[in-house]
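Peer 1: The residues making up each chain are set out below.
2 protein chains.
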Amino acid sequence: MTRLPLSPTARSTVRRGKDRATSERTDLDEVLDAGVICHLGVVVNGAPVVLPTCYGWEDNTLYVHGSTGASTLRTAIAGAEVSVAITLLDGIVYARSVFHHSANYRSAVVHGRARLVQEPDEKLHALEVITEHVAPGSWDYTRRPTQKELAGTSVLALELTEASVKIRRGPPGDDEADVTDGSCWAGVLPVRQVWGEPEPCPLLPPNATAAPEHVRGRS
Amino acid sequence: MTRLPLSPTARSTVRRGKDRATSERTDLDEVLDAGVICHLGVVVNGAPVVLPTCYGWEDNTLYVHGSTGASTLRTAIAGAEVSVAITLLDGIVYARSVFHHSANYRSAVVHGRARLVQEPDEKLHALEVITEHVAPGSWDYTRRPTQKELAGTSVLALELTEASVKIRRGPPGDDEADVTDGSCWAGVLPVRQVWGEPEPCPLLPPNATAAPEHVRGRS
Numbered sequence: 122m123t124r125l126p127l128s129p130t131a132r133s134t135v136r137r138g139k140d141r142a143t144s145e146r147t148d149l150d151e152v153l154d155a156g157v158i159c160h161l162g163v164v165v166n167g168a169p170v171v172l173p174t175c176y177g178w179e180d181n182t183l184y185v186h187g188s189t190g191a192s193t194l195r196t197a198i199a200g201a202e203v204s205v206a207i208t209l210l211d212g213i214v215y216a217r218s219v220f221h222h223s224a225n226y227r228s229a230v231v232h233g234r235a236r237l238v239q240e241p242d243e244k245l246h247a248l249e250v251i252t253e254h255v256a257p258g259s260w261d262y263t264r265r266p267t268q269k270e271l272a273g274t275s276v277l278a279l280e281l282t283e284a285s286v287k288i289r290r291g292p293p294g295d296d297e298a299d300v301t302d303g304s305c306w307a308g309v310l311p312v313r314q315v316w317g318e319p320e321p322c323p324l325l326p327p328n329a330t331a332a333p334e335h336v337r338g339r340s
Numbered sequence: 122m123t124r125l126p127l128s129p130t131a132r133s134t135v136r137r138g139k140d141r142a143t144s145e146r147t148d149l150d151e152v153l154d155a156g157v158i159c160h161l162g163v164v165v166n167g168a169p170v171v172l173p174t175c176y177g178w179e180d181n182t183l184y185v186h187g188s189t190g191a192s193t194l195r196t197a198i199a200g201a202e203v204s205v206a207i208t209l210l211d212g213i214v215y216a217r218s219v220f221h222h223s224a225n226y227r228s229a230v231v232h233g234r235a236r237l238v239q240e241p242d243e244k245l246h247a248l249e250v251i252t253e254h255v256a257p258g259s260w261d262y263t264r265r266p267t268q269k270e271l272a273g274t275s276v277l278a279l280e281l282t283e284a285s286v287k288i289r290r291g292p293p294g295d296d297e298a299d300v301t302d303g304s305c306w307a308g309v310l311p312v313r314q315v316w317g318e319p320e321p322c323p324l325l326p327p328n329a330t331a332a333p334e335h336v337r338g339r340s
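Protein chains in written order, with this note's numbering: chain A, 122 to 340; chain B, 122 to 340.
Same shape as in the complex, but just chain A (with noise of 0.2 Å):
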């Protein structure tokens, strides 16, 4: 499918740090393939509440998912205007004065009016489009979703149009006079999301503690 490109709205053209946004959707699929969490912001009695949770996307569309029961998400639901947040720290930025201090990071907030998924082949290509972003592998590997796990998850899609995505690299921005000055070392303290070694179910059998490759050999 052809990804529709960026249309920034007002409140989706960054006015700060204008150099370091960014209007390439390139970017923002970059954002997205690297995150595994989500901030998913809605409005509730008039105040914002903002909730964290897995998501997937693919092509034009982000898919949120939660228990039907969950009543932040039942508002979300009801039409009303959401703001998804995906947020990737590289790296501490140690300047040579306070207040330029920064973070490295690569970030993407999509605005938009969350759709309810309903239509049943949908709901379930969205629950795999999310299972395999969170879990890849997973979706044929273990056992998919019941009519009655189906009917208690509730899906949002969310268009990838109005989205916003600024990105920071590189070393600190110092004044003149404190590099001049010399006095302080500054520079980049990156840091990165790791893999750990897997941890079997205790009610594994025995002889079948060994993670599969989807999980062991995760990038």
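Hints are not guaranteed to be accurate.
[Stated by the list, open to error] Sample of chain A residues at the chain B side, in silico, Cβ under 7 Å:
{"#": "1", "residue": "Phe220"}
{"#": "2", "residue": "Val300"}
{"#": "3", "residue": "Ala307"}
{"#": "4", "residue": "Glu320"}
[Claimed, not checked] Rough simulated footprint, nothing fancy, chain B against chain A, three-plus residues with beta-carbon under 8 Å:
{"#": "5", "segment": "204-218"}
{"#": "6", "segment": "239-246"}
Derived by calculation from the structure, the hints in this document are not laboratory data.
Using N, Cα and C, we set each Cβ at its ideal position, and we do this for glycine too.
Following the hints, position chain B against chain A.
Peer 2: For chain B alone, coordinates are given in the frame of chain A:
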């Protein structure tokens, strides 16, 4: 200072996944200590906006800062309600069924009205708290803010009293039939953030590129 107990209100009382909810103040402190980035939710023109930003905290107060020119922050300053989420992803939970796939995580969501910090001494102290949280050791090592830099920075304070903390640890919670079936591996793939090697700023004098201990030895 005595740390206030958490005082759950309707919106900070966890309804879904009650078994993952904790009302221990020490759990909130653990999440706040471990995070670097928070997601700040505000309502702008009736719609939610979620923004990633750095934070710091001390006793009963969470501090975030931003440029005085940032419109989203100005809106939040105007006495409006905010929601701040801090989330730590600890692992992917590979269950025997798609439905029971999950994530191990520690998360805190704080609600309240943000207070603009205007008193100069508190503002300077808040910036120290944020700096020492994001880059421990930098407050004493680097140049302190000038009056002009202080004037260009807004600091918001949020009381840590209305907060919900959720923690999921441990193996998947599979259905008994899937456990008995025994054909699927199940377990947790842990994930953690690790610091890399410090990357010196290219503008450092060639003989002064070794990072100081507070950067190099960051735990």
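Peer 1: Indicate, hint by hint, whether the structure satisfies it.
Peer 2: Here's how the hints hold up against the structure:
1. Phe220: 4 Å, holds
2. Val300: 5 Å, holds
3. Ala307: 4 Å, holds
4. Glu320: 5 Å, holds
5. 204-218: Holds: 11 residues of the segment 204-218 of chain A have a Cβ under 8 Å from chain B.
6. 239-246: violated (count 0)
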